[in-house]
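Chain A is already provided as a structure; the job is to place chain B on it using the hints.
2 protein chains.
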Amino acid sequence: MQAVGIVVEYNPFHNGHLHHVNEAKRTTNSDVAVAVMSGQFLQRGEPALVDKWHRTKMALASEVDIVIELPYIFSTAQATGFASGAVQLLEAMQCTTLAFGSEQGSITPFLNTFHLIESNRTLYNAIIKETIQQGKSYPQALFAAYEQLKQLSPNAYIDLGQPNNILGFHYVEAMEQLQTVMRPATIQRIAAGYHDAIDTDSEIASATGIRQALFSGQSLEQVTQYLPEASIEQLGHWQAEHGRFASWESFWPLLQYAILRHTPQQLKQYADVSEGLENSLIKYARSSSNFVEFMNAMKSKRYTWTRLQRMLTHVYTGVTKEQLHANSSPTYIRILGMTSAGQQYISRIKKSLSLPLISRVAAVSDPILAIDLHATQMYQLGIQQFSNKKIDEDYKTPPIRY
Amino acid sequence: MQAVGIVVEYNPFHNGHLHHVNEAKRTTNSDVAVAVMSGQFLQRGEPALVDKWHRTKMALASEVDIVIELPYIFSTAQATGFASGAVQLLEAMQCTTLAFGSEQGSITPFLNTFHLIESNRTLYNAIIKETIQQGKSYPQALFAAYEQLKQLSPNAYIDLGQPNNILGFHYVEAMEQLQTVMRPATIQRIAAGYHDAIDTDSEIASATGIRQALFSGQSLEQVTQYLPEASIEQLGHWQAEHGRFASWESFWPLLQYAILRHTPQQLKQYADVSEGLENSLIKYARSSSNFVEFMNAMKSKRYTWTRLQRMLTHVYTGVTKEQLHANSSPTYIRILGMTSAGQQYISRIKKSLSLPLISRVAAVSDPILAIDLHATQMYQLGIQQFSNKKIDEDYKTPPIRY
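Residue numbers (the UniProt record's numbering), protein chains in the order written: chain A, 1 to 402; chain B, 1 to 402.
Here chain A stands alone, though its shape is the one from the complex:
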């Protein structure tokens, strides 16, 4: 049996994701697809629309065979840490290939780009540093450095202005640096751009577009055409139970309280709070009455929205710099769910796994897992605020079998 690995958030799982998983299996000739999925908090520094169990069910109903959890410390990290955690877990799951979607659509330019940067690392870092000092954001600096490097040699390179190419680059980089047995492959993304609004003439919409539609008050029926049936069903379940989807806006009363409860000095202990941001946090939490107002006050040229949101995620969950930096590699594989084919694959590799497999968490003591359980609890308190129902707890939920 051969497995292809994919790195996902499924927030929510839509037709583009279905295309991706089908193509990943088809083009790599794999029997099963293993998805490493972010838990309750995502790479853009946001709580997921619905919890990880609902998203796992969407995936298992739509061609994904195994869902494992990308721990919080990776799922909320910058691209390098995020990719490194995901790659290590898929390698540990003995996937033959990691297949990511990209605007580029072929793998050679990714490898070319990696080698170009790798062999000019010193120059590359120097340009990044200089550009940041000129007041640009990190992504802007990265892009500028790359544009200069490309002049050095006339190969085919990827366009690092495209969000999925950037992610893909980090997967390739992680695989090369970790010297994984697993090899990279890429699937051409179709139709919708990463952040595009929805287009009613298409069956493909970006997750961002779908979320925007849902938060702007559109009903589930109005986004049905972009989602597999299982996704509609899971989103419907959630909505019926909790009344609304999770968002920073709905978590705002707790976030505001978390910020204002602390002194600037105390806030600095939380991951990503640095460079005087602790003072802005307090100043603007005091003067803002909702999340968007707060973010518009916080935002500056220097910090991207994503950078700020990641910091807010850590303040919200109370995860400290110390906790985040004490751990850098996955120490276990946590199964969130599997199909019968997935279960068969796991039975085959079980004896040769390099990391322990966790299906029930209550008995396990691990610092990375402890952060995940904690983050789940914080997510749950956010939901409980507007819904009186407790959501499934990490301690109680066994892997979902589909």
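Errors might be hidden in some of the hints.
Which copy? The list can't say, so a pair holds if one copy fits it or any two copies do.
Said to hold, decoys possible - Calculated pairs, PhoX-like style, for lysine-lysine (alpha carbon to alpha carbon, straight line, at most 25 Å): (1) K396 with K283; (2) K321 with K268; (3) K283 with K390; (4) K136 with K268; (5) K136 with K389; (6) K283 with K299; (7) K136 with K351; (8) K301 with K129; (9) K283 with K301; (10) K350 with K390; (11) K321 with K389.
Read the hints as simulated data drawn from the structure, not as lab findings.
What follows is chain B alone, placed relative to chain A:
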């Protein structure tokens, strides 16, 4: 002009309080009554029903001439610290007498009790220590030690089983130890016991009874007979604006989040979190779905409800041991409000004051005041949760003139 000092919470101001202030002025032959009033958090470790501004207005409409704020570090302290802060502020306000209500009703037994304990302090402390080691609560131990000391000499002593006698004892103790110019006096309490439920045949009910009636869903009209008109008016304003009164039950979502956001180690930094209570806090915050359920789980023989609530107040506001212990004496007098007679009195003593008088806080930098402003903000976030309205902010509200 002569002033009598009183120590109050007015949660809310009722007919018994009106009797007390009138009697305090009459029996001491004073022109004005100066009340030192707890701010948003009270000595039993609870948020006040309505904020300090509404309570100040109740007082000024009902014979109190000046209301000054008892800072958070004293208003949420054990009896000794509470009394010491209040006594120092009334002494600084140059009150001739401090008149407290008591079950006892005459002052000599208080002085006798103080001298009995003072001259047998070593024995007294030894008995308290031993009784606590036997698993009794602090108030129980104090009572047991006192009963033994009374056998030593046949004077008239107070009954320390009565809550207002205990408070009175601490005022007398503070005055004696601080050697204040101000002298103690006591007013016989009438009718309702400290914690009694309301009695419909009387015009006097305890604040506890009135709060219980309000929280059990009774309307303001049903408690009208126990309250001066100004109190009904202020409670009515609050209710119209915020929908309900502040309580731990309504602050519970934030308190639960504050507890669970932290590790046990982090919780220990907050005042009064000690002796393994940090672990119980997390354990029971996880399993409880409201405040009463949580408290019933937390309560043990060892800790009184009040002791636990005081700890929760500090966890809720985020006030640390370090902040609380860095400050032990009042450093300013903050005027919350005054009548024209009160204003006249202040004009007379203004030049000879031993502490600076604060009427607008924005420009003042003082660590004790900073904690008060912070506590007000935390109270405000608790209210905002169920009311979408911001309550008056400390930074903006000048002293109330009545």
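Results for each hint:
Taking the shortest Cα distances, K396 and K283 sit within 25 Å of each other only across copies (16 Å), while inside one copy they are farther apart (40 Å). Proximity of K321 to K268 under the C-alpha cut-off of 25 Å is found in both arrangements, the shortest distances being 9 Å within a copy and 19 Å between copies. Taking the closest pair of Cα atoms, K283 and K390 come within 25 Å of each other only across two copies (16 Å); inside a single copy the shortest separation is 33 Å, beyond that limit. With identical chains, the CA atoms of K136 and K268 are at most 25 Å apart within one copy only, with a shortest distance of 23 Å there and 41 Å across copies.
For the identical chains of this complex, K136 and K389 are neighbours neither inside a copy (44 Å) nor across copies (39 Å), given an alpha-carbon limit of 25 Å. Taking the shortest Cα distances, K283 and K299 sit within 25 Å of each other inside one copy (13 Å), while across copies they are farther apart (38 Å). For a Cα distance limit of 25 Å, the shortest separation of K136 from K351 qualifies neither inside one copy, at 49 Å, nor across copies, at 57 Å. Proximity of K301 to K129 under the C-alpha cut-off of 25 Å is restricted to the intra-copy arrangement: shortest distance 16 Å within a copy versus 61 Å between copies.
Proximity of K283 to K301 under the C-alpha cut-off of 25 Å is restricted to the intra-copy arrangement: shortest distance 18 Å within a copy versus 43 Å between copies. With identical chains, the CA atoms of K350 and K390 are never at most 25 Å apart, being 34 Å at best within one copy and 57 Å at best between copies. Neither within a single protomer nor between protomers do K321 and K389 lie at most 25 Å apart by alpha-carbon distance, with minima of 32 Å and 35 Å respectively.
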